[in-house]
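Asker: Each chain, written out:
2 protein chains.
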Amino acid sequence: MTHSLNLSKDRWGIPSGPAPIALKTVAAPPFSRQGRGQRFRAVACQRSRSLGGWMPTDIEIARAATLQPIAAIADKAGIPPVALNPYGKFIAKVDTHAIPDFDARPEGKLILVTAINPTPAGEGKTTTTVGLGDGLTRIGKSCMIALREPSLGPCFGMKGGAAGGGYAQVVPMEQINLHFTGDFHAITSAHNLLAAMIDNHVYWGNGLGLDTRTISWRRVMDMNDRALRSVVSSLGGAGNGFPREDGFDITVASEIMAIFCLAKDLDDLEARLGRIVIGRTRDKRQVTAADLKATGAMSVLLRDALMPNLVQTLEGTPAFVHGGPFANIAHGCNSVIATRSAMKLADYVVTEAGFGADLGAEKFFDIKCRKAGLKPAAAVIVATVRALKMHGGAAKEALGQQDLVALEAGLSNLTRHVINVRKFGVPPIVAINNFTSDTAAEHELIRNYCRNHLGVEAVICRHWAEGGAGAEELARKVVALAEGGEADFEPLYPDAMTLWNKLETVAREIYGAAGLAADNKVRERFAELEAAGYGDLPVCVAKTPYSFSADASLRGAPSGHIVSVRELRLSAGAGFVVAICGDVMTMPGLPREPAAERIHIDAHGQIEGLF
Amino acid sequence: MTHSLNLSKDRWGIPSGPAPIALKTVAAPPFSRQGRGQRFRAVACQRSRSLGGWMPTDIEIARAATLQPIAAIADKAGIPPVALNPYGKFIAKVDTHAIPDFDARPEGKLILVTAINPTPAGEGKTTTTVGLGDGLTRIGKSCMIALREPSLGPCFGMKGGAAGGGYAQVVPMEQINLHFTGDFHAITSAHNLLAAMIDNHVYWGNGLGLDTRTISWRRVMDMNDRALRSVVSSLGGAGNGFPREDGFDITVASEIMAIFCLAKDLDDLEARLGRIVIGRTRDKRQVTAADLKATGAMSVLLRDALMPNLVQTLEGTPAFVHGGPFANIAHGCNSVIATRSAMKLADYVVTEAGFGADLGAEKFFDIKCRKAGLKPAAAVIVATVRALKMHGGAAKEALGQQDLVALEAGLSNLTRHVINVRKFGVPPIVAINNFTSDTAAEHELIRNYCRNHLGVEAVICRHWAEGGAGAEELARKVVALAEGGEADFEPLYPDAMTLWNKLETVAREIYGAAGLAADNKVRERFAELEAAGYGDLPVCVAKTPYSFSADASLRGAPSGHIVSVRELRLSAGAGFVVAICGDVMTMPGLPREPAAERIHIDAHGQIEGLF
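Respectively, the protein sequence lines represent chains A and B.
Heads up, the first sequence is in my numbering, so the first residue is 11 and it goes up one at a time.
Heads up, the second sequence is in my numbering, so the first residue is 11 and it goes up one at a time.
The set of hints was computed from the structure by calculation and includes no laboratory data.
Treat the hints with caution; some may be incorrect.
Which copy is meant is left open, so a pair is good if it fits within one copy or across any two.
Derived EDC-like pairs (lysine to aspartate or glutamate); straight-line CA-CA distance at most 16 Å [stated by the list, open to error]: (1) Lys303 to Glu603; (2) Lys354 to Asp111; (3) Lys487 to Asp105; (4) Lys99 to Asp314.
Working from the sequences, and respecting the hints, build out all of it.
Answerer: Printed below as a string of C-alpha cells:
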C-alpha cells in the first residue's frame, strides 16, 4: 500500500449534503470526486425544490461568491494595511512585524480538527475546519482558520482541489490550488539550489570529502512525475560532473517544506536549514547544508514565502493558508508561523492535521505543539456515518443503506481516537459531517454511544450544505469545551526517551500494537542516530493512514499487531527522525487519463476541469 | 565557446561613471562585478567630493530610493486601479482587458535599444534603456520601458542582478531578481507538466506510438545545475516507466518561454502551445502537445503569468518587466504582450534585445516585429569607449589609458551594426555610455567619426551616474529621429524564402560572412523541415555573441568567414527554426565559488551578496 492519497490531502474528503427527509429513496452518492455533481443534485432537491433548480458545484459556489477585498478581511483580524503585501485583490501575505506590539499579545485558544482513519467514504476534515471557523464567527467569536496549502502537482492527476467544499470553502479556490503566492515554488527553488551546490561542490574538487554514494538529498518538483523517481544524473562527460544515482520527490515531501512549517521565525528557519544532513564523508562525518555554505542563499529564497498567506472563507472568516508538508515522512500541519500569528490575532484558531488522528493528531501534538510550545484547548474528531460503517465492515456499495450493526462496530475506530486524544491532555469532541444518506437512527446511535460510552459529545454538522449556520452547534460546544479548563496538554513521550522507546510508545499507546519489530540493520541505525546526538528528537511515523495497523485493509480498531520499522531517515533540519513502517511514495505518478487532459480555459476565460 | 554569458543577460554590462576631470590618475576600474565598489568610489570623488563621501553601490541606491506605490505609477500610465493585480506594494500585474477601449487605442512609437558586440569591458544596454526612458520622461514625453525578466538560477552563480545599474535601475530590484511575480515558476511548471504527460502517455500504453528515442522535449529548472544536463530517467523498475535518455535545460531556454514572449494573447498562447513538437512516431509523424491533450492545462498554469508586470524606475517611469527568453536558441526579447500594451499606454516605448545587434536586433526585427506586426521608429546602438578599444585590439588591462588608434580601429564593429540596422529600414543613433576612464578626445573621435562616416549621431550619456538627466540629450535626439519619418521597417527576408536562404541572407548581410557550410545530415534536416511545412518560419541563429563570426575571439568586423550550421532545431510553437552555429549551453553550471555561498540575510533583514 503506497501513500499516494495524502498527496492530494483531502481529495477523498468530500461529504454530501444533509439528510433529506423527502429523499430517502435517492441513490447513495458515489464516492469519487467525479460523482460530486450527483451528490450535489440530491442536496439541491432538498434545498431548492421550490425553485426546481440544482445546488451548484464547489467551483460554482466559489465563483458565485462575492469576495471581500483582502484589506477588509485583514481589518476584521486587526491587521493594518501597512502589514499587508497583496497578491491580487483577494490574497495577501501578512508581515506580522509591521503589526504594533504583535509579539507581546496574548494568544487565543487553539482548536485542532482531526479525524477517524480515512476511508473512501470521505470524512471532510478541511471542510469541517472551515465550517467550524465560520460557525464560531457566526456565534460572535473572534476566529481565524489555519490550513495547509494544497500541492500543485496532484491537481493534474486526479480531479479535485483542496480548499474545503460546498459552502465551507476558502477562496479564491483557483489561485489557492494553483500557484497561490509562490511559496511552494520558493521551497522547490531552495531545495534544488542545495542539490545543485552539492554536485557543484563535488565537481570542483570535493573539499569536504563527501562520499557521493551517501548523498541523501534528492531533488524536488511540484509535479506528479514517476519518470523522475529514480534517475542517474551528471551523465554526458567530465564537464557534467560525476555520474551518480539520484531522484526527485514531489515538493511537499521536501525536508525544507517541513522546516518551513516548523520554523518559529527567519532566524530559526536559517538555523534549521543549516542543520540539514545531506550525506556523509568516507569517514562517516555528517555533511550539512551549513558545511556547503548554502544556508544564506536558501533563506533568501524563502524569506518572503515565510509570511503567512491571508485569504477568506465564503462567509468572510479570515484564514491563513500556509505551508503543506507531507503527512507521512513529515508532520502534515500548516506552518507554526501561521498558527501562532493567528493565535495573536483571534480568540479562537481552528487548524487541522493530515490523515486520521493516529498519524495527524499524534504528530501535531508530539512534533508541532511540543516544538512550538503550543497548547491546544480542544480537538474535534471528524467522522461520518458512512466512514464508520466502512470501519464496521460495510461494503462500499452498501453505504447508502441504514446499517446500525456496521455503524456500531465501526465506532471502535472513533473510540480509540477519542481515547488517544485524551492521552495528550486535550479534551475531544466528535463532529459528524452529515451526508445525504445518513438516517436519524444512525445519528442517534452515534450520539448515544459517544455520550454513554465515551463521555464525549457528538454533534451533527451541516456546514457543507449550510455554511457556518450548519456548524453553530459544534461551535458553541467547542467553545464550552475550550473554556472548560479541561485541557492540560502534554506530549505522549518525553524528549529524553530513546528513539526506539518513543516509537514503541506511539505504537502501543496510539496504534494499539503489541510492539515493534526491526531487523539488525535498522536497529543499528537507531543506535547510530542516538550516538550522533539525535536521540532527543521526536519520531515521525510514515505508515498507512487507513488503519491503526500497518495493514491498510484492517479497519476498525485492530489490536496486538506488530509495527515493523523498515527504515529510519534523519530530518535534522526539521527536527525529527522518520520511522518508515510501510511503503512510502514520495513522487506520485499521473493516472491513465490525467485530469490535465480535461483542464482548460473556457470561452469566458474561466478555468474548467480543475475541480 | 559556450554562451553562458547570456544566462545572466547583461551581467557584464556595468559601465562606470562620468569622466572625472580631476581623477585622470585614478586607476582603471576593473571589469568584474566585484570591482564595482571601486568604480563607484572613483565616481563618488567627483560627485560628492565636497562631502568627502562615496557614491553608493547599485543595491544601496535601490534601497535608498523612495518608491512610489504601484497604483501611483499605474496612474501615470493611465492604468486604472481595477486593472491592477498587486504583488506586494511596488509590483503589479496589469489586466489590460480591464482598461476601457484598450485594444482600440493608437500605439506609441517603439524604440529599440541594442548594442555593439559585447566585450568584457561592458556596454550597459539595460542601463541605457532605463536611462533613456527616464530621459524621455524628463523632457516631458509620455514614456514606458519594456524589459526582460531576469533568470533566478544565475543569481546564485556569478554575483549580479539584471535590472540596470547606478541611477538607471528598475526597482524593487531584489524582488525582480528573485521570484518576482512567479512567471518563470509558472513557465517551469507548464514545461514540466508536458514532460510528465509525455512519459505518462508512454507508461500507460503509448497510444500515439511515440518513438521514445526521438523525444526532444526535455525538462527545465530555473537553476544552474550541470548535474541535470544529461540524465537517464524512469529507472528503478516497471512502476517508474521506460528508462530513456533525458536532461534539463534552464527555464529561460524553454520553448514555452519563447512562446510566452511571442504570444499575442491567451488564445494565441494556447494555439502555439498545441503546436509544440515533442518527438515523433516510428513512422516519422510529428507528435505535438495538442496530441497529448496537454494544451489546456498548460494554458491554465500560464494564464495569470501572461499579464505584464508593472514596476518603476528609480525616477518613477513606469516599466513592464515581462518574459525573458534565451537570446541564442530563442529570440531574446521581452513579451509581445508587454511591448504592445506599453505602446497603447505611452507615446514612447523603449525596449531592448539580447546580445549585440547582430543577434539581438536581427531577431527582434525578423522574429518579434515580423510576427507581432511591430514597426520600430528608431534604434539606439549602445557602445562604450572601452569596448570599442577592445574591438580595436586594445588589451583588457590597457583600457584605462587613452588609445585613439585602438578606438578608431574598433569603430569597425559599431559601423557594421549601424549599417545593419539601416537594412531593416530603422534609423539608428549611437549612445556612448560614459565610463570614468573615457577622455574628451576619445568622445570627440567617436562623435566625428559617426557624423562624418556614418551619418549618425553619437551622444555621450551619463544616466548611470546622473539618472535621466544624463540621458536628456539622447532622449531629445531619439525623439527627433523617431518623429523624422525616416523609419520604414521591413524584415531582412520574406517568409517565402527557403530556410537555407534565410540563414544565408542573415550570414551575408548581418555577419559579413562569405556563406554557409553544413554537412549532409544538416542539409537533409533543412529539406525535412521544408517538407514538413515549416519552411515559412523565420530562422533564429544560435552563435557566439562576441563576434560577427562564429569565432568569439574575432573582434571588430571580420568578413569573408563561413558560418557552419551544426544543427537545426524546430520550435514550432514559438514559430521559428533554430540554426545552431556553435556550442550552445542550455544549462549552465555554478562556478567554483558560487555567489550562493555569500548570499545571506543580514541582521537588519536585508539581502546581502546577491548584487
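Asker: Looking back at the hints listed earlier, which ones does the structure fail to meet?
Answerer: 3
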